[in-house]
Amino acid sequence: MDAAVRELSYAQAIQEAMAIAMDMDERVFLMGEDIGVYGGAFQVTGDLVERYGTDRVIDTPISELGGAGVAVGAAVTGMRPIFEFQFSDFATLGMEQIVNQAAKMRFMLGGEVSVPVVMRFPAGSGTGAAAQHSQSLEAWLGHVPGLKVIQPATPHDAKGMLLAAIADPDPVMIFEHKLLYKMKGHVPEGHYTVPIGKAEIRREGRDLTIVATSIMVQKALDAAAALEGEGIDIEVVDLRTIRPIDRQTVIDSVKKTSRLLCVYEAVKTLGIGAEVSALVAESEAFDYLDAPIVRLGGAETPIPYNPDLEKATVPQVPDIIAAARDLVKGVR
Amino acid sequence: MAGASKAALDSRANLPFVYRQYSPEQLRQVLHKMYLIRRFEEGAEECYMRGLIHGTMHLSIGQEASAMGICMPLAEDDQITSTHRGHGHCIAKGAEVSRMFAEFFGKTTGYCKGRGGSMHIADVAKGNLGANGIVAGGIPIAVGAALSSKMMKTGKVVVSFFGDGANNEGAFHEALNMAAIWKLPVIFVCENNGYGMSTSTARSTAVKNIAERAAAYSMPGVIVNGNIFSEVAEASFKAVERARAGEGPTLIESKTYRHRGHSKSDRNRYRTKEEIEDWMANRDPITLFETELRDFGFIDDQGIQAIRDAVAKEIADGIEFAKESPAPEIATLENYVYTEQA
Ligand SMILES: Cc1ncc(C[n+]2csc(CCOP(=O)(O)OP(=O)(O)O)c2C)c(N)n1
Ligand SMILES: [Mg+2]
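Protein sequence lines correspond, in order, to chains A and B. Quick note on my numbering: the first sequence kicks off at 409 and runs consecutively. Quick note on my numbering: the second sequence kicks off at 3 and runs consecutively.
These are calculated hints, taken from the structure and not from any lab test. No false leads were mixed into what you were given.
Quick partial rundown of chain B residues pointing at chain A, CB under 10 Å, derived from the structure:
#, residue
1, I55
2, F107
3, G108
4, K109
5, R117
6, A168
7, N170
8, A173
9, S265
10, A329
11, L335
12, E336
Calculated pairs, EDC-like style, for lysine to aspartate or glutamate (alpha carbon to alpha carbon, straight line, at most 16 Å):
#, chain 1, residue 1, chain 2, residue 2
13, A, K719, B, E331
14, A, K719, B, E336
15, A, K664, A, D695
16, A, K663, A, D615
For every residue, glycine included, the Cβ atom is placed at its ideal position computed from N, Cα and C.
Sequences are here, hints too, so could you generate the full structure?
Okay, structure coming up:
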């Protein structure tokens, strides 16, 4: 196949990044539940155990708190662990080590150590797995200084950002939407990085800026394509990193379009949309706004099991189309 | 449940525990319920394959004697907490399969009104406080229910079901310790089916038997063959007596096996076909119990067939009920998040 158009799924892209990192650096190893012979709950680690052995692809017991802490301890003392939470929801069990230890250790010790740990979190709804296996908790971790929190939205970025995370001396938390794992896209061969902390403009437009994260990037692009026929020209900003957030790209885009819609799957209140809205409101872009800022986020409810309720809980393409149209036409 | 009469008891003096403790009718009901669990799981699996149910599910086929044996000595208002592999516990504690199917179909008539699905199946009225999506999540909750029982003097006993995988979560250890120091009426039931997903207990757990964990918390640790109904029921009976007498918790390790994969996405790469076939052919809990019942003269072939037919009808009716039930309105999306105030 032509190398320039080589396509991989999002899951394969992550797996390739982990393999490249392990080839390049002996200190890199993987830990998690059922990541060995099972291949991971979402087949992201796949057959890596066959290639790298059980010393470097380690199945842990079902012990998220301890497992996360072991990864932190190994990171502080010279190794480069990549710890997979089987579902992002189980971050709640590892929270102590993530928030109190990994995030703060370098600071508390006056810079004497660094914590180069990577943690991966399969996240999001849409699989019928109900309230305890479908959450989007990235903003929880985004609230913690000391952590970096990323949400790659394409296979290309999944690989490049993971390689950047592995090279990063600080703890990096990666939220991977489960519905993206099968998404295919161009992924270059070999080692490359996509910088943490840089948003990407996925589509240029004049009338409205949509700032989206993770799976909502593709939905926003679909909405933008649908509204093209109505003469509405939308710019889509893929935030990619929620800590540290790329303020400038967002501010510049809003200055250009004068309208802002934030779209994210997590519960709307107290989430990334509030942060993006506030950073625009606090900046010089505020003077450019022609309409109130609008947030489109998840409903104020746990994720329900019933499939129709589940879909209704998070923004869908028609919701984005309606919100974008109303914003541009001044219906609000 | 009421015991057997004196004359009947004398003639059964040399039989295993349950045949002395319970009436033939009660034991036939146990067989009925074991079949109900098995056929429920098979029915749910088929509905899933045909795309009628979404999400995923964890089937308890092969573990029926464990669920039934533990619940046998429980009274209706005793309580349980269950796991992701919780359909059998739910039926054993008295749930109706029609409302369970309705839940799996996401309908308002389901036990959780379509909000919970398989992984959160519950029947609070019958004392089932719910399956759980979080491994070991139900264990401290059971201890809390037992604390309520003690504080409110209700006399209720609480059973916490969990898998072998759960014994390596902090919640397990913290919960057992509190139950022990406060002598709470709770029974910890580890259904050890050999694997937590793909990870065998040999690879995940430092002790050979999970019952050995009990020593660290000064409570009895009992190992039973989880595929032999009588053995499980006897251990449960003793633990319930101990709990009701205020003597504190017991840890029961019920050794069993799941015939199916962990969930619907399991390729069974961590165990051999021979191992699975051996358990299915030689240690099937329903076959073992049915054979015993027949050998001891508690049931004949006709009786067995009658049970199978009745169960088949109950399952078919249950699926029909689920299909015909209404789905929740989108407008009710935010119901039940908080307690609605009238
Ligand atoms: C805290 C937590 N970690 C991981 C999982 C994913 N998971 C669900 S069931 C399971 C295996 C549980 O094994 P065990 O406790 O032995 O129960 P079994 O499935 O064998 O009945 C795992 C890893 C989870 N649901 N919750
Ligand atoms: Mg198990």
